[in-house]
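2 protein chains.
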Amino acid sequence: MKKETLYVKIAKVMEEQIESETLKLGDKLPSIRTIQKLYNVSINTVKQAYLALESKSLIEPRAKSGYFVSKAGRRKFSLPSVAKMKTTTQEKEPEDLISKVFNTLNDQTITQFSLGVTANSMLPIAKLNKGMINAIRRLDNGGTGYEPVQGSVNLRRTLAKWSFVLEGKLGEDDLVTTSGAMNAIFNCLMAVTKPGDTVAIESPVYFGIQQIVKTLGLKAIEIPTHPITGVDLEAIKKVLPRLNACCFISNFSNPLGCLMPDEHKKELVRMLTEYDIPLIEDDLYGNLFFGTERPKPCKYYDEAGIVMWCGSVSKTLAPGYRVGWVAPGKYKEKIIRQKLVQTISTPSLYQEVIADFMENGRYDLHLRTLRSKLYSNCLKYQGAIEAYFPEHTKISQPQGGFMLWLELDKKVDTAELFDQAIKQKISFAPGRMFTQYNQYNNCMRLNFALEWNDKLENDIKRLGRLVKANL
Amino acid sequence: MKKETLYVKIAKVMEEQIESETLKLGDKLPSIRTIQKLYNVSINTVKQAYLALESKSLIEPRAKSGYFVSKAGRRKFSLPSVAKMKTTTQEKEPEDLISKVFNTLNDQTITQFSLGVTANSMLPIAKLNKGMINAIRRLDNGGTGYEPVQGSVNLRRTLAKWSFVLEGKLGEDDLVTTSGAMNAIFNCLMAVTKPGDTVAIESPVYFGIQQIVKTLGLKAIEIPTHPITGVDLEAIKKVLPRLNACCFISNFSNPLGCLMPDEHKKELVRMLTEYDIPLIEDDLYGNLFFGTERPKPCKYYDEAGIVMWCGSVSKTLAPGYRVGWVAPGKYKEKIIRQKLVQTISTPSLYQEVIADFMENGRYDLHLRTLRSKLYSNCLKYQGAIEAYFPEHTKISQPQGGFMLWLELDKKVDTAELFDQAIKQKISFAPGRMFTQYNQYNNCMRLNFALEWNDKLENDIKRLGRLVKANL
Chain E
1 MKKETLYVKI
11 AKVMEEQIES
21 ETLKLGDKLP
31 SIRTIQKLYN
41 VSINTVKQAY
51 LALESKSLIE
61 PRAKSGYFVS
71 KAGRRKFSLP
81 SVAKMKTTTQ
91 EKEPEDLISK
101 VFNTLNDQTI
111 TQFSLGVTAN
121 SMLPIAKLNK
131 GMINAIRRLD
141 NGGTGYEPVQ
151 GSVNLRRTLA
161 KWSFVLEGKL
171 GEDDLVTTSG
181 AMNAIFNCLM
191 AVTKPGDTVA
201 IESPVYFGIQ
211 QIVKTLGLKA
221 IEIPTHPITG
231 VDLEAIKKVL
241 PRLNACCFIS
251 NFSNPLGCLM
261 PDEHKKELVR
271 MLTEYDIPLI
281 EDDLYGNLFF
291 GTERPKPCKY
301 YDEAGIVMWC
311 GSVSKTLAPG
321 YRVGWVAPGK
331 YKEKIIRQKL
341 VQTISTPSLY
351 QEVIADFMEN
361 GRYDLHLRTL
371 RSKLYSNCLK
381 YQGAIEAYFP
391 EHTKISQPQG
401 GFMLWLELDK
411 KVDTAELFDQ
421 AIKQKISFAP
431 GRMFTQYNQY
441 NNCMRLNFAL
451 EWNDKLENDI
461 KRLGRLVKAN
471 L
Chain Z
1 MKKETLYVKI
11 AKVMEEQIES
21 ETLKLGDKLP
31 SIRTIQKLYN
41 VSINTVKQAY
51 LALESKSLIE
61 PRAKSGYFVS
71 KAGRRKFSLP
81 SVAKMKTTTQ
91 EKEPEDLISK
101 VFNTLNDQTI
111 TQFSLGVTAN
121 SMLPIAKLNK
131 GMINAIRRLD
141 NGGTGYEPVQ
151 GSVNLRRTLA
161 KWSFVLEGKL
171 GEDDLVTTSG
181 AMNAIFNCLM
191 AVTKPGDTVA
201 IESPVYFGIQ
211 QIVKTLGLKA
221 IEIPTHPITG
231 VDLEAIKKVL
241 PRLNACCFIS
251 NFSNPLGCLM
261 PDEHKKELVR
271 MLTEYDIPLI
281 EDDLYGNLFF
291 GTERPKPCKY
301 YDEAGIVMWC
311 GSVSKTLAPG
321 YRVGWVAPGK
331 YKEKIIRQKL
341 VQTISTPSLY
351 QEVIADFMEN
361 GRYDLHLRTL
371 RSKLYSNCLK
381 YQGAIEAYFP
391 EHTKISQPQG
401 GFMLWLELDK
411 KVDTAELFDQ
421 AIKQKISFAP
431 GRMFTQYNQY
441 NNCMRLNFAL
451 EWNDKLENDI
461 KRLGRLVKAN
471 L
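Just so you know, the protein sequences line up as chains E and Z, in that order. With UniProt numbering, letter number 159 in the first sequence gets 159, and the count goes up by one each step, no holes. With UniProt numbering, letter number 13 in the second sequence gets 13, and the count goes up by one each step, no holes.
Watch out, some of these pointers could steer you wrong.
It does not matter which identical chain is meant; a pair holds if it fits inside one copy or across any two.
To be verified - Within a straight-line C-alpha distance of at most 30 Å, the following computed BS3-like cross-link-like pairs (lysine-lysine) qualify:
1) 100 - 332
2) 130 - 86
3) 330 - 92
4) 411 - 238
5) 92 - 332
6) 100 - 334
7) 425 - 468
8) 461 - 219
9) 37 - 219
10) 194 - 92
11) 334 - 423
12) 219 - 334
13) 330 - 100
14) 411 - 194
15) 334 - 92
16) 330 - 219
17) 394 - 92
18) 194 - 334
19) 455 - 380
20) 169 - 47
21) 330 - 214
22) 194 - 219
23) 214 - 194
24) 330 - 194
25) 56 - 92
26) 334 - 214
By construction, these hints were calculated from the structure, which means they are not laboratory data. The structure presented is a predicted model; accordingly, all values stated were derived computationally and were not measured.
Required output: the full structure, derived from the provided sequences and hints.
Here is the structure:
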């Protein structure tokens, strides 16, 4: 009885700390060992206290990172709505809007909620620089010569070795390196489609994918996408015979942050295999999971070689290195040919630096810290939005990555809001950027891979105030 | 009178040295000052002697490099023939042949006459490595971040500054950086054509250009190309209304080494401007001239912005860096959009290294040495081929770059010869690689940017013997 009282007591203290915001949303809780020493109790007592808090959804465990103050149990805002399938031809490309948002990117005085880039403070820049100097010394002729078209053997081998999630199904020869994931997707679509072909994409969809599709003269079918479970399989089924390819971000899609459940992935691959339709799977956020383990890619379920699995380190290490890759399945020769024709080869140095960083465990360590920061930020953003944005704001519940999707009142036009926000030195991505149709005009995407501080919180507050003024 | 006797005497001595091959084909002559001291005569006397030798075509002056033993006056082999214009559709892509040749590239034991790559010994690798380490320290965050889509400001500024040949017509904002010249051409063709369009290319044509054209679903018209003056303007005129773009290497084309005369360039630009047809000008060999000055690009004559001037450092500094650029004229926005969609940006580091290398005069110095080596090699190769290849071999007379084009007896099939040569550890590029038609089967391209030594000479001898055996 005494034991039970103890853990209840501890749990109560912490619950009060959470209620009074001494422990704020997204904060990491003290480690079990710290609490044990503090209260002079057994490890088990602390564990029981944490379990009690977890069962009330007040805290959440994070693999290898400890416990965090959570809010799952007292979610105030509901999820964004799912778009209806549209069959009309595209209405208007959001190019001008995209250009406008991109033009603000180099202004350092603007808070860049719009970017899909991790804050420098979250990246191991000094370590990478050191790795670069080592690689220059190690490389034959300092990497001045052409590399084999398929890419650095070293990087491919390391990638294969570290792709635990594929359970050994991937060898170095199954990979081709690219200039980032965007380039991988471009190559894949070049390889498996011809102008006039039809490609299924998400909705809302990452505008980069939308732009590649347009540039290649392809037709896009936007598949309704659920903020938690991703693309709607029933919707895909309906258009299946018309498709020449699919291009999805299966894990923590940008902008919704949704995660396709394993059964969906399996069923999707089965359906596409039946029709021999290639799936370009952009898995660049897969390592930024908030759950207990890295989610499987669709590639895991691919027996026929139809899945072209794309990845990169642009979101986790160094966007400017332009290091990406693709495991193109049965389309490998086509991809190699594409790469040869487009650019002959990719620079060796960056690939070597990344291979080295992965090889000796530094990447794994870095990812653990990064995930924990992102998750904590995600909760803090959600908390701030709930506090400062109007009632009835809808907000996504990302399970990884670093994008939040907000759906505001129908009266708010986020393209107009953008112009107002820029004057206040705040940039975000208006919803209209993420579709070829006239929709999502009241939505916005926020990047939460920015360093959390008072200024950032205040920027969210000011943004919320702007939204309210637009009602 | 005494003076005249003196210079005639000196000229005679040197002529004898050339005849007896004490001074060999391609050798650099002693400097005027050296001869002056040796014979204790005036500078003018030596100059007169050299002029006399030059008038007999025994020696040739090279800008800023001195005089070289020449052979223009006693050329033994004639020029390769010019192909007739074909109007049939393409017969067969030489893809398998290209793959076969490429597959031999990583074998270090093979003499790579087939490659379009400068020997490492001719490149300033140590200096570039040093520049790289400096650049890492200088760059913001070690270049981990995205660079502006248009490319490094530093590199663009330096390129503009060093483009003396354009006489100040080029500003930093007129340039976009790319992953090498191949990538620049790919982007240009993506930007200004759509599948089914028609593009004029040279014949024989660099197979990389041919492959881009095919990959993009374009039709190629091969324009007859003269080994000295380049593409036949009359032939272009005939097909002009059918063209959507032209893609030519105006200076020292690969594989012929020809140089379009200025009047041709001017007329070509005029013709294309009239029809508003974009000219993609690949000028990656322009700095490797054997004459007295860097030839002008077509871009120089471009008032309407139809010329997309492409360049790179792949032939002169570091192929593996993948640093190239394009001055796309009025198509700039399209090119930037293409680059954004294909790969977002290019890595900063290599661009900074190249900018720095150009900026403080090291590039210029390096080019002077490289040109002199290449020219000397060109003469030595020609001499060896005249010595060891069958009579009636036809051989190009490149005015820059580092490619030789040979036309052998009709009985020789260089695709078959390639298989035989590979067994003897010699690789070259069979003529069939440079056309979409069933022609050039008795031609071959040899790279002369290899370090000249006894082994190399012997390899040419063995290759000549193989050719003879095939007669």
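Fill in: Unmet hints by their number, sorted upward, for this structure
Of the numbered hints given earlier, those the structure breaks are 2, 4, 8, 9, 14, 20, 25, listed in rising order.
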